[in-house]
Structures are given as structure tokens and as C-alpha cells.
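Chemist: Sequence:
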Amino acid sequence: MPAACDSVLEDIEDIVSAEDLKPHDRQFVRKSIVPKVRKRNSQKNVQADDDPPSDSIIPGIQKIWIRTWGCSHNNSDGEYMAGQLAAYGYKITENSTEADLWLLNSCTVKSPAEDHFRNSIKKAQEENKKVVLAGCVPQAQPRQDYLKGLSIIGVQQIDRVVEVVEETIKGHSVRLLGQKKDNGKRLGGARLDLPKIRKNPLIEIISINTGCLNSCTYCKTKHARGDLASYPVEELVGRAKQSFQEGVCEIWLTSEDTGAYGRDIGTELPTLLWKLVEVIPEGAMLRLGMTNPPYILEHLEEMAKILNHPRVYAFLHIPVQSASDSVLMDMKREYCVADFKRVVDFLKEKVPGITIATDIICGFPGETDEDFQETMKLVEEYRFPSLFINQFYPRPGTPAAKVHQVPALVKKQRTKDLSQLFHSYSPYDHKVGERQRVLVTEESFDSKFYVAHNRFYEQVLVPKDPGFIGKMVEVDIYEAGKHFMKGQPVSDAKVYTPSLTKPFAKGEVSGVTEELRHALKNGTNLKTCPSVGIQEKTSLCCRMVMQIPWQQRGRGLKILSVSLALLAVLVTFYYGGV
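Quick note: the sequence shown uses the numbering used here, first residue 1, plus one each step.
Please note that the accuracy of each hint is not assured.
[Claimed, not checked] List time: in silico DSS-like cross-link candidates among lysine-lysine, alpha-carbon distance up to 27 Å:
1) K148 x K63
2) K448 x K506
3) K110 x K332
4) K412 x K377
5) K431 x K464
6) K110 x K412
7) K199 x K448
8) K110 x K122
9) K148 x K110
10) K341 x K222
11) K222 x K199
12) K464 x K482
13) K241 x K305
14) K275 x K185
15) K448 x K482
16) K412 x K402
17) K275 x K502
18) K348 x K431
19) K241 x K180
20) K464 x K502
21) K412 x K332
22) K275 x K180
23) K482 x K431
24) K431 x K448
25) K486 x K448
26) K377 x K348
27) K222 x K411
28) K91 x K122
29) K412 x K222
30) K348 x K275
31) K180 x K199
The set of hints was computed from the structure by calculation and includes no laboratory data.
Values in this document were obtained by computation on a predicted structure and should not be read as measured data.
Whole structure, please, built from the sequences with the hints as guidance.
Modeler: Structure representation (C-alpha cells):
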């Protein structure tokens, strides 16, 4: 072995020989290096440099326009997405032109609704807007050509809308279409305690379940919302309590089928309703959503008792779709016309004055003239005050779209005939002269009146007195139209305020901490942020420090990893400069 190896090294630095460069010399040599400048000759490169790189964009400061089509369930989803985005710092605008990003929340029930959705996507692209798609259309058919390359947030992933919007603004395409599950069991969807901006601060829309137990041959919504998944009773009651504490005076229960509620979790609709009634303040009201006939038949007695409760509207939406048993069988509706009549007759007897709303599809495949006449006879017999008439539209991917269709002209004529029958009678003429108590909740479309509803959820227009909004008012009915009545407030009657607290202002975010609410009221650049010393970065820093509960649960590891990465960069920079 060489003699040099016989000596013991005192330190690793002893390996350096006398001929090696000293640190000073090494630094001097480095200074002689001349960096090579890359030439940019093409116009393409120049344009690319003009656009800021995605990692230089600060999310949470852009303006977002939200458009929602469809049912009250979809509207509730839209309110939740708006609330989360606003809580994070984004500005929700009603002006589509000034928005940086369009969030389009779609409906797949009818072809016209999807056509509007598709046209809005095209318009957004023509105006160079960032686009995020939501709702039932992209959830049911995410691979459609006109959706390619666009960000999508699924109907059960709305609690992650901030992430999707953030990445889309950076120029990325994100798709979140998964289902919420707990130990393998499908959940009702995103949590109910998420931030929300109510379209009407006086009305809370609560989705009690998603999906349904049916397999209707014409329905595309089933492809998007899936099988029944219900929220626990305690979560729904908790959401109702929170809503009343935020000034709400009317609650709408919604889902694809409220009557099926609870069958997947060992409970039932009447159990939920009785629990909700316990927390409704005096003067506030509860409105039930749509229920199919099969799932209410076994609860008729209890439902009649609930609908007679003074804080529950005597109103129920029960779609019949057709009065022909053969058509109902082709639709796979799982009931016959006699079942529908039994439900309606029982409720009209036990709940005097109840409003029954229903739906009818005209021109379903296989519907004959005789079938349609049965439907006409049903409407003539019951004279429904609220009737939703729909010409059949075959939806792609449904069984009803694959069979022989009724000619378009026939469908159109049947729709016209049924509409004429519906407009031939006046459901409210006999109520002129009555004195009614009505709850005033919104403004009419023409802005000339306030809109109120009486005990039977019939629309009553009242004068636009700011003192009436959100109040229970006593009125005398002096005029009736096809879809409304007009009421004159009784001069000496007491105006009752059902809300527990002052309602939120329009656009105010529900379900956030008082600290964040105060910050949002003072602007998105949260000016006071004690935890952060660098004032010019308050907007971003405060959003990180003031983490909202729904963000904390899902982003703890992400924030930790980012913090460690930043620490590593700082350490490297510090020691590299020494």
C-alpha cells in the first residue's frame, strides 16, 4: 500500500492539495464567463414573451360571471360555487363583458337548454374568455366535441371550484368528475356548510338528496346525478338553522325526487320534515320540492299532516307526465294513472285548498292520439293551477332517443292543444275578495310589484313598499290573472317579520367566519392582516393565513409542502450568497 495512505486525515479539507484553486481564484475564474444571449427572431417568440407565464398569475383577483340554467338543485349548486369563489377573493360580477372567466352551469333536461349552453361556450371563446363548465351536461357527456380542452367541474365536486378556476386562469385544463364517497358508499354531494351567495338573500335552497331510484327512458339527468344519495337529517337541519340565523325567511327543499329521500340511509321524508318544522321560526315558510307518485303513496297520511302545518306551504309538485298507462310503461315511470289520482284526491281531501303542480310530456315516442286525449281529459278534470307542458325532445344516450319518434308537427300540435286547454280556465277568479296572509320575498320581473305567496304558494303581487320585503303581510285580493293575484295591504293589519336577524345584503357570502366576512366587506385586498408584515402582498397572504374551514380540510398537506419548498429556496439563496 502506498505510503501516502499511511497518514491519517484530520479533516475532509486535507484532501485539497496545494495546486488546487483557492476559493478567491475560483470566483475570479467565474467572472470571466460570458453568458450567451438567445436571439429571438420570430414574431411567435415575441408574442409568447408578451403573455405572462402561468406561474406569475395571481389567482383570486379576477372577475367571474356565473350563468345557471335549469332546476332549483342546479341553482343551489351555482350559489355554492359563487360563495366559495367570492370567499377566496374573486369578484362575482353580473356583467359578462367585464368578466375574466365565465362559469357556465348547465342543464341537460331539454335540448333547448343545452343549445343555449353550447352557444354560450362559443360566445365566450369568441370573446377570449376563460371558461369553466359545470352542471349536468358535461357530467353526463364529458367527451362531446364542443367540450374538448375545456375545464369541467362535476356536480359532486363543486367544493373544489376554486381549484378548477385557479388552474383555468393559469391556462390549464382541469376535469373533476368523480363521486363523493365515504367507506365506499356514495354521498349526497359536497358539504352543505360551504360558503354560498344566495340569489335571493331571503330564500335558502337546500338539496336534500341527489340522484333518484328511477330509470326513466327519456331522462338524461340520471346519467349526470346517478342513483339516490341522501344527506343525513342532522346535516339538513343544521343547514336550515344556519339559514334562519342569516335572515332567511323561506326554505325550498329540492332534489331530483324529494319523495325518495332517505331510502338509502334508513330514514324517510316525513321524518326529515318533522325535524325541520321544529326549527322554522314563526312566520317563515318551508316549500317542498318535486316528488314522484310511487314514493309518496306510502306516506300520504303523514304528508297530509305536514302540509297542514302553518309553517309549511300547502303545495306539492307531482309530475304525471302522461295520463296513458301504456305511455307511462314505455317511460318506465313505475306507477299508473290511478296511483297519481289516488295521491291527488287524498291530498285535496285532507289538505283543503292545496296546490298541486304537475308536468306533462307531449309527443313521447309511441304516444297515440287516444293516449294524448286521456291526458287532455286528466287536465280538464283536475284543472291544475300550475302545469309545466313540455314537448318531447330525444336526449342522446337515452332509450327513448333510439325508438321511432312521433312526427315533429304532431308533437307541436299536441303541445299547442294542451296549452290552449290550460289557458282556457282561470284558477284564481273565485279568490277575489278574500283576505290572505302572504310572505313577500322578491321583486316581479317588470319591477312594478313585490312578489308574495299565500298559504297555498299561490303568487300574489303587492305594492312595492320597501317595508314589506321579507315580511308577512295581510292583504285583500282585488284582482286575479292566470298565474297570479293582486293584493292590497290591509291598512290596520300588523306587518310581521319572520326573520330571526337582518337578512344578508344581495351578494353577501353566507357560511364564512366573521373575520373573513368583515374583510370581504372592506374589499378583497384585505388591508389588515396581522400575521403578515409585507403589505404589498396582503391579498394573497391573507387568503393563505385566513384559511376558510372547507379549504383547511383539503389543503393542509398542500400548504405544508409549499411552505417547505419556499423554505428550501430561501435557505439555498442565503447560503449561496455567503
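Chemist: Next pair to validate is K241 with K180; report whether the Cα-Cα distance is within 27 Å.
Modeler: 24 Å, holds
Chemist: Hey, K412 versus K377, does the alpha-carbon distance stay inside 27 Å?
Modeler: 19 Å, holds
Chemist: Are the Cα atoms of K377 and K348 separated by 27 Å or less?
Modeler: Holds, at about 18 Å.
Chemist: Has the given pair, K482 with K431, been kept, meaning a C-alpha gap of at most 27 Å?
Modeler: Satisfied, since the Cα-Cα distance of roughly 12 Å is no more than 27 Å.
Chemist: Under the criterion that the straight-line Cα-Cα distance not exceed 27 Å, is the pair K431, K464 satisfied?
Modeler: With a Cα-Cα distance of about 22 Å, the restraint between K431 and K464 holds, given a limit of 27 Å.
Chemist: Measure nothing beyond the straight line between the CA atoms of K91 and K122; if it is 27 Å or shorter, mark the hint as holding.
Modeler: 23 Å, holds
Chemist: Can you confirm whether the C-alpha distance between K448 and K506 stays at or below 27 Å?
Modeler: 19 Å, holds
Chemist: Is K110 within 27 Å of K332, Cα to Cα?
Modeler: Holds, at about 18 Å.
Chemist: Take a quick look at whether K412 and K332 sit within 27 Å of each other, Cα to Cα.
Modeler: Distance ~23 Å between K412 and K332 Cα, so the pair holds.
Chemist: Is it true that the CA of K348 sits at most 27 Å from the CA of K431?
Modeler: Holds, at about 17 Å.
Chemist: With the threshold set at 27 Å, check whether the alpha-carbon distance from K275 to K180 stays at or below it.
Modeler: Within the cut-off at roughly 25 Å; holds.
Chemist: Would the hint linking K431 and K448 be met if the CA-CA limit is 27 Å?
Modeler: This hinted pair holds, its Cα atoms lying about 22 Å apart.
Consistency with the previously given hints is maintained throughout, with no hint failing.
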